[in-house]
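Trainee: Start from the sequences and build out the full structure, keeping to the hints where you can.
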Amino acid sequence: MTASSKYRDLVTTYGEDLQLFRTGVRKFWFGLLVVGLAALPWAAAELGGNYLLYLVNLTAIAAIVAMGMNLLLGCAGLISLGHAAFLAVGAYTAAILANRLGLPVWMTVALSGLVTGGIGVIVGLPALRIKGLYLGLATLAFQFITDHVIVHAETLTGGANGMIVPAPALGSFAFDTDLRFYYIAAPLALLLGLAMVNLQRSRFGRALVAIRDSDVAAEAVGVNLARYKTLAFGVSAAYAGVAGSLLAHYLGYIGPDHFTVMKSIEYVVMIIVGGPGSILGSLLGAIFVTWLPEVMRFGEEALRSFFPHLVFPDLRAIVMGLVLILFIAFEPEGLAGRWRKIREYWTTWPF
Amino acid sequence: MDTLIQASLSGVAIGCVYSLVALGFVLIYKATGVLNFAQGELMMVGAYIYFSLVTSLDMTPLLAFGATLVLAGLLGALVERLVLHPLVDEPPFTLVMVTIGLATLLRAVTGMIWSHDTFAFPSPVPEGAVHLGQVAVPLVDVWTMAVTVVLSLLLFLFFHYTRLGTAMRAVAQNRYAAQLMGISVDRIFTLTWALAASLGAIGGMLLADISFLHTNMGFIGLRAFPAVVLGGMESIPGALLGGLIIGLIESLAGVYLDPILGGGTHQVLAFVILLVVLMLRPTGLFGATLEKRV
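Each protein sequence line maps, in turn, to chains A and B.
At position 85 of the first sequence (counting the first as 1) the number is 85 in the numbering used here, and the numbers step up by one without a gap.
At position 242 of the second sequence (counting the first as 1) the number is 242 in the numbering used here, and the numbers step up by one without a gap.
Just so you know, the hints here were simulated from the structure itself, not pulled from any lab data.
It should be emphasised that the depicted structure is a prediction, and the values quoted were computed from it without experimental measurement.
Treat the hints with care, as some may be off.
Unchecked claim - So the derived label-pair ranges between C-beta atoms look like this:
(1) B:His-131 <-> A:His-309: 52 to 60 Å
(2) A:Val-311 <-> B:Glu-127: 46 to 54 Å
(3) A:Met-296 <-> B:Leu-261: 49 to 57 Å
As the list claims (entries may be wrong) - Listed next, the stretches of chain A that the computed footprint assigns to chain B, with coverage defined by at least 3 CB atoms under 8 Å from CB atoms of chain B:
(4) 115-122
(5) 148-157
(6) 320-327
Unchecked claim - So, partial list: chain B residues that the calculated Cβ filter (under 7 Å) puts toward chain A:
(7) Gly-33
(8) Leu-35
(9) Pro-92
(10) Met-112
(11) His-160
(12) Leu-274
By construction, the Cβ of each residue, glycine as well, lies at the ideal position given by its N, Cα and C atoms.
Mentor: Next comes the structure, spelled out in structure tokens:
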């Protein structure tokens with residue numbers, strides 16, 4: 001029996017430290033995850049039909065945004081209140097490329113990621129001079145300016161009427177059903193997730209954590225602040241852009257309502273609820289925020305007898321606001337932190 | 001020329017509202033270090049409270065005005081006690097998130113109680129206008145400017161000549177030193193939130209009077225951010241001046257820029273200004289320099 005299998009966190013060689021899946025057990029779980037993800041659509045179709053599958057697809061898209069957001073907020077400690085605007089840039093880029101130039105889906109998704117990443121670098125530029133709270137204001141301004149451009153640049157974006165986007169297709173095969181789309185969204189989310197795991201373990205990821213903990217100290221040990229901060233914004237925006245293009249192709253229609261400041265706040269909620277800095281947390285947060293409103297629909301009727309003016313978006317906003325405040329107050333490490341604590345409780349049980 | 005004067009005056013009026021919201025914002029930021037994203041929503045709730053007091057309870061305008069100030073102040077104090085106070089030692093970033101949650105919550109609860117319809121505000125000011133040559137200034141605008149000037153004066157006197165105002169300034173300068181001098185910092189925090197909420201309520205009543213009463217007023221409150229940043233985050237005269245400048249620019253852009261760049265340009269101009277200020281001079285017009293002791 002080798003030491004590493006007995007004490008799971010003990011690392012004896014550099015090679016072992018660099019491995020993505022350190023133990024056979026982890027490889028097994030990852031394999032099970034892939035199989036589970038592949039089989040999920042059938043389970044969903046059995047249980048709740050296409051609507052459930054629709055929610056699963058939205059969760060996959062939200063998870064991509066959350067992972068990007070997490071890099072910015074959880075790792076680098078840079079705040080963005082305008083992520084819905086990055087999503088919008090990606091969605092409209094994909095829509096315009098698909099409609100005007102008739103590009104295939106893999107090109108629209110990739111180009112959306114690139115374009116949005118570029119915009120992200122530009123939006124991140126103020127991060128060089130200002131930080132923390134001021135940065136939140138800058139990204140909020142970006143959100144409002146983007147909203148404005150979408151509504152008013154009618155020749156490009158269709159204004160308030162929005163745009164029709166064709167379903168993604170490879171050759172003559174169209175991914176036009178919920179089930180077919182799942183096999184684009186889920187593998188892409190998984191791939192981007194793996195990329196993010198590696199990114200966080202790289203020099204780049206560690207530099208961001210150093211900046212978060214103390215930018216002065218990070219600079220003193222040779223981290224180029226300007227480069228890493230703008231890059232973090234770029235990567236985060238690129239993730240949002242990819243998610244935005246997927247959303248556009250999936251919904252088949254995009255309009256300004258999909259990318260409001262409220263959406264931006266929901267992405268922040270995902271990170272806070274899931275647990276800042278954790279990829280598992282991003283996923284849990286995305287699941288939580290996407291599914292919570294559906295659970296709430298049951299309570300809606302009961303509440304409406306007390307408040308006749310109650311509309312669903314309000315109920316959603318109330319719960320989001322409450323969840324945000326309660327998690328910050330009582331579980332700052334989010335669901336991922338709770339999961340870690342439960343695991344530690346059982347591994348050290350009965351101590 | 002008349003158009004210019006007309007637009008400038010209505011710009012100054014709306015700028016006064018921004019100033020009041022910005023003022024409440026700066027008060028909280030200076031004293032407690034919290035960047036309060038819910039200030040616009042506090043403003044909105046104030047206007048709704050006045051609306052209900054007048055329409056449902058048939059109060060006289062003056063009585064309703066006083067009651068609104070008290071109720072809004074109580075709401076502000078309650079928010080501080082219940083939500084912000086337990087988190088007082090958390091990093092600023094966390095507190096910002098909390099106020100965003102609060103803003104979301106307040107807006108949705110307001111919609112739940114009063115619906116998202118647009119209401120005509122029961123104006124305490126008679127309709128009509130003051131005529132200056134060719135220029136007609138609505139009485140509401142005159143009233144708004146007068147209230148803002150009087151309030152600014154009162155605040156100046158309060159901060160410089162009362163014990164409580166001095167204590168507030170002391171806490172804003174250095175909360176630990178103030179505590180050592182026997183000032184109850186907890187109490188000052190609560191009172192600051194109450195004061196900021198009351199100021200916001202006045203801004204809300206004036207804004208609803210100038211336009212309408214609706215749940216998106218909170219977003220208009222967000223335009224106080226450019227005013228605050230322009231003035232320098234910690235400066236009270238800066239907030240007042242910043243509000244006026246933003247109001248003026250918006251109004252003038254509505255007349256002169258919208259025909260060229262398309263309708264609605266004036267609505268985002270404030271945020272463009274915000275970005276430009278943040279890039280060129282993050283400390284604003286009156287801000288202290290950003291320094292950090294390592």
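Trainee: So, for every hint listed, does it hold in this structure?
Mentor: Comparing the hints with the structure gives:
1. Taken as a hint, the range 52 to 60 Å is violated for the pair His-131 of chain B and His-309 of chain A, whose Cβ atoms sit roughly 41 Å apart.
2. For Val-311 of chain A paired with Glu-127 of chain B, a C-beta distance near 33 Å fails the hint of 46 to 54 Å.
3. At roughly 41 Å, the beta-carbon separation of Met-296 of chain A and Leu-261 of chain B lies outside the given 49 to 57 Å, and the hint is violated.
4. Only when three residues or more bring their CB closer than 8 Å to a CB of chain B does the claim for the region 115-122 of chain A stand; here the count is 0, and the claim is violated.
5. Under the rule that three or more residues need a Cβ within less than 8 Å of chain B, the assignment of the region 148-157 of chain A holds, with 3 such residues.
6. For the region 320-327 of chain A, the stated coverage by chain B is satisfied: 6 residues place a CB nearer than 8 Å to a CB of that chain, which reaches the threshold of 3.
7. Because the smallest distance between the Cβ of Gly-33 of chain B and any Cβ of chain A comes to about 10 Å, over 7 Å, the interface hint for this residue is violated.
8. About 5 Å separates the beta-carbon of Leu-35 of chain B from the nearest beta-carbon of chain A, less than 7 Å, and the hint is met.
9. For Pro-92 of chain B, the interface hint holds, the least distance from its beta-carbon to any beta-carbon of chain A being 6 Å, beneath 7 Å.
10. The interface hint given for Met-112 of chain B is met, as the beta carbon of that residue sits about 5 Å from the closest beta carbon of chain A, less than 7 Å.
11. Checking His-160 of chain B against chain A by beta carbon gives a least distance of about 28 Å; that is not within 7 Å, so the hint is violated.
12. Given hint, Leu-274 of chain B at the interface with chain A, holds; its Cβ is 5 Å from that chain's nearest Cβ, closer than 7 Å.
In summary, the structure is inconsistent with hints 1, 2, 3, 4, 7 and 11 from the numbered list given earlier, while agreeing with the others.
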